[in-house]
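J.: For the record, the sequence lines run as chains A and B.
For the first sequence, our numbering assigns the number 1 to the initial residue and increments by one for each residue that follows.
For the second sequence, our numbering assigns the number 1 to the initial residue and increments by one for each residue that follows.
The set of hints was computed from the structure by calculation and includes no laboratory data.
Predicted model only: the values in this text are computed from it and were never measured.
Please note that the accuracy of each hint is not assured.
FRET-style restraints, in silico, Cβ to Cβ [said to hold, decoys possible]: (1) K212/B <-> H203/A: 56 to 66 Å; (2) E178/A <-> A452/B: 30 to 40 Å; (3) K206/A <-> G315/B: 46 to 56 Å; (4) E373/B <-> N204/A: 45 to 55 Å; (5) E209/B <-> K206/A: 44 to 54 Å; (6) R355/B <-> K206/A: 27 to 37 Å; (7) G425/B <-> M1/A: 28 to 38 Å; (8) P149/B <-> M1/A: 24 to 34 Å; (9) H203/A <-> A379/B: 46 to 56 Å; (10) K138/B <-> E40/A: 49 to 59 Å; (11) K202/A <-> G360/B: 27 to 37 Å.
Where is the CB? At the ideal position from N, CA and C, for every residue including glycine.
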Amino acid sequence: MFKILKKEELSDLVILFEIQAKDIARKAKAGNFFVLRIHEQGERIPLTIADFDREKGTITTVFQKVGKTTHQLSTLNEGNFILDVIGPLGMPSHIENFRKVACVGGGVGIAPIYPIARALKEAGNTVISIIGARMKNLIFWEDKMRSVSDELIITTDDGSYGRKAVVTVPLDEHLREEKDIELVYAIGPAIMMKFVCITTQKHNVKTIVSLNSIMIDATGMCGVCRVEVGGETKFACVDGPEFDGHKVDFDLLMSRQRMYIDEEKVAQERYKEKVEVK
Amino acid sequence: MEGKEEKEKEKKKKKKNRIKMREQDPLARAKNFMEVPYGYKPEEAVGEAFRCLSCLKPTCRNGCPVSVDIPAFIKLIKEGKFIKAAWKIKEDNALPAVCGRVCPQEIQCESLCILGKKGEPVAIGNLERFVADYEAEKGEIQIPEIPGPSGRKVAIIGSGPGGLTCAAALIKSGHQVTLFEALHKPGGVLMYGIPEFRLPKVIVEREVEYIKKLGVEVVLNAVIGKLHTVDELLHDQGYDACFVCTGAGLPIFLGIPGENLNGVYSANEFLTRANLMKAYLFPEYDTPIKRGKKVAVFGGGNVAMDSARVALRLGAEKVYLTYRRSEAEMPARKAEVHHAHEEGIEFLLLTNPLRFIDDGKGNICGVECIKMELGEPDASGRKKPVPLKGSEFQIEIDVAIPALGTRANPLLTQTMSDVKLNKRGYIVAEEGTGMTSKTGVFAGGDIVTGSATVILAMGAGKKAANAINEYFKWKYW
Chain A
1 MFKILKKEEL
11 SDLVILFEIQ
21 AKDIARKAKA
31 GNFFVLRIHE
41 QGERIPLTIA
51 DFDREKGTIT
61 TVFQKVGKTT
71 HQLSTLNEGN
81 FILDVIGPLG
91 MPSHIENFRK
101 VACVGGGVGI
111 APIYPIARAL
121 KEAGNTVISI
131 IGARMKNLIF
141 WEDKMRSVSD
151 ELIITTDDGS
161 YGRKAVVTVP
171 LDEHLREEKD
181 IELVYAIGPA
191 IMMKFVCITT
201 QKHNVKTIVS
211 LNSIMIDATG
221 MCGVCRVEVG
231 GETKFACVDG
241 PEFDGHKVDF
251 DLLMSRQRMY
261 IDEEKVAQER
271 YKEKVEVK
Chain B
1 MEGKEEKEKE
11 KKKKKKNRIK
21 MREQDPLARA
31 KNFMEVPYGY
41 KPEEAVGEAF
51 RCLSCLKPTC
61 RNGCPVSVDI
71 PAFIKLIKEG
81 KFIKAAWKIK
91 EDNALPAVCG
101 RVCPQEIQCE
111 SLCILGKKGE
121 PVAIGNLERF
131 VADYEAEKGE
141 IQIPEIPGPS
151 GRKVAIIGSG
161 PGGLTCAAAL
171 IKSGHQVTLF
181 EALHKPGGVL
191 MYGIPEFRLP
201 KVIVEREVEY
211 IKKLGVEVVL
221 NAVIGKLHTV
231 DELLHDQGYD
241 ACFVCTGAGL
251 PIFLGIPGEN
261 LNGVYSANEF
271 LTRANLMKAY
281 LFPEYDTPIK
291 RGKKVAVFGG
301 GNVAMDSARV
311 ALRLGAEKVY
321 LTYRRSEAEM
331 PARKAEVHHA
341 HEEGIEFLLL
351 TNPLRFIDDG
361 KGNICGVECI
371 KMELGEPDAS
381 GRKKPVPLKG
391 SEFQIEIDVA
401 IPALGTRANP
411 LLTQTMSDVK
421 LNKRGYIVAE
431 EGTGMTSKTG
441 VFAGGDIVTG
451 SATVILAMGA
461 GKKAANAINE
471 YFKWKYW
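Let the sequences and hints guide you as you build the complete structure.
T.: Below you can see the structure in the form of structure tokens.
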């Protein structure tokens, strides 16, 4: 059992939990994720480790309410327990001094891009961060991102905050005007990562993405998270989740993400009914 | 006179045939996840036990990888001492209810039974299962006396059959034993792989409870290699030895076009969803699974049989079992092949898949196969299947499950740079002891041999426990 020490509602849909998990905190690195299961009937879902505190023995995660499990998770409060927390999983981000990098976070992807931006900054890089979301109330961690970035650009699709644009617009401008960015890191919805990759490919700038495929065990034993990278099948949970974005088959990733769309709806509706009856 | 002879004949025939276990009707059971055989009643068990000749030089015991004293426990059944019989087995085997159900007895203990020469061998597996269940039902679980603490600590990595067996043996030697498991439930393949209808999960839980009662500490959700490394366990956490028994959990795919379409599952994924996550109870349980109408499973082992029979129970109208050799070469347990036939699974033998067909929306809608014929024996001694040119055909399916076996999962071994691996990524360990190239680290089960059986992993666990005891005595490597 893993205790929730802190809960913060970053927006209507985005929640932050700080979870007591001493052993995981001791080993966590930027780019790692973990798997959780709320209760005995629950499913296992992967979430990114957005921060960790080795002294306090805690990990921090940020998630968006999208389906049954994340909605149910959001009803837990400080002092409540999560049944299973498993990690740290996946390969950590490859951090070194590339001189100048761009970190792009979309929606809830702002959370996992933060520890990477921080690690890149600590490694001596100049960090340009671009964070974007559909609208103002989905933007969070502006201050945190600013604290690890040399420059921070905020975009919203509807223009309710920052620049009215998608993240690829300022990214494209930057790559066109200043040809000194050596590496781009992008985390967000698959469609966003796909378009970031299309943008950076034009400028021939290496791009790392963190793939969010469906997972169960997340230790490499089932292959549900398989993705195609450079024509080869890889397991995102153990070979990734970070890959060279220019080699990723994003259409396959998006198709596989939709595999259980009908079942997800059934679970969500049933959960809503149950909650309403209560 | 004639009548008497008839009677004698009848009696002899009876002696030749074992007492069958009653089973659920095939058509009824194909729709539920309840166990197929019901188990013996006490009088049936006694009747079967009396078929045993109590050989002066029993050979059956040699066929058991953990050397259960078979004649002794059968003798106790004859005397009606069922609980004592269970304890007798537990001296050598911590998981009798599991082994009685899933061991391939026809190639182990029962294959060496003298009665098998002229009739059916004694149903040793059925008897083992009976006494284990009887003991559990009557609630008389006996905890053997355990010697005082030795002061030694052993870490066992992986709580499958090998890890559980090793843990049970070491705790009985007085060591402090911790069993680390990556998943949220202990049992390894017993929990995620073998389905409910063959091995009810309450039975696995019961046997793990027994091992906990012996004093073994079970730590779940601990992915060794990520959470702790073997070096950390040995140097920072004070463990004196490690036994690595992580299995071969990396699925093999066919490597044919269309394998990443939606609806194509590795058998590991399909069975993990169904068994560990109880997806067959969706939406009571949150994990979904595709309930295919027409399902094809590829392979001929136990995992293939299990996958096919799970698919059937999830409501499939048609389940094809495609295998590139003929039924005689199938590695699956005979009883399971028989059950699969009875339940209406269609066997497509001498058939190999070539590609999966896309419905245009990223889902599988069919498979193209080719017929095979058996040629010369290959390196494994089995006749090699060769494709028959021009015999391609297509079948319509919406779920495909390759069950071709597994390979070594590198998640742990890649963090053990000083442990020697073979070319295929398996740990190199001495046969008989499980000693690896690293002092204090033992290994056994599928991570050494590649995918094998439950009982062989248990045998490896037992041997490693003996070797660890020797190591503690002499500290010699």
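J.: Is the distance from the Cβ of P149/B to the Cβ of M1/A consistent with 24 to 34 Å?
T.: holds, 28 Å
J.: Does the Cβ pair E373/B, N204/A satisfy 45 to 55 Å?
T.: holds, 52 Å
J.: Go ahead and decide if the range 44 to 54 Å is satisfied by the Cβ distance of E209/B to K206/A.
T.: holds, 53 Å
J.: With respect to the beta-carbon atoms only, verify the hint that K212/B and H203/A lie 56 to 66 Å apart.
T.: Cβ of K212/B to Cβ of H203/A: about 59 Å, so the range 56 to 66 Å holds.
J.: For G425/B and M1/A, compare the CB-CB distance with the range 28 to 38 Å and indicate the outcome.
T.: Check passed, 35 Å falls within 28 to 38 Å.
J.: Is it true that R355/B and K206/A lie within 27 to 37 Å of each other by Cβ?
T.: Check passed, 34 Å falls within 27 to 37 Å.
J.: Within 27 to 37 Å: is that where the Cβ-Cβ distance between K202/A and G360/B falls?
T.: holds, 30 Å
J.: Starting from the range 46 to 56 Å, see whether the pair K206/A and G315/B falls in it by beta-carbon distance.
T.: holds, 48 Å
J.: Hint says 30 to 40 Å; check whether the CB-CB distance for E178/A and A452/B agrees.
T.: For E178/A and A452/B the Cβ distance comes to about 59 Å; the hint is violated.
J.: At the C-beta level, are K138/B and E40/A separated by a distance inside 49 to 59 Å?
T.: The hint (49 to 59 Å, Cβ to Cβ) is violated, given that K138/B and E40/A are roughly 28 Å apart.
J.: Falls inside 46 to 56 Å, the C-beta gap from H203/A to A379/B?
T.: holds, 52 Å
Taken one by one, the earlier hints fail for this structure at numbers 2 and 10, listed in ascending order.
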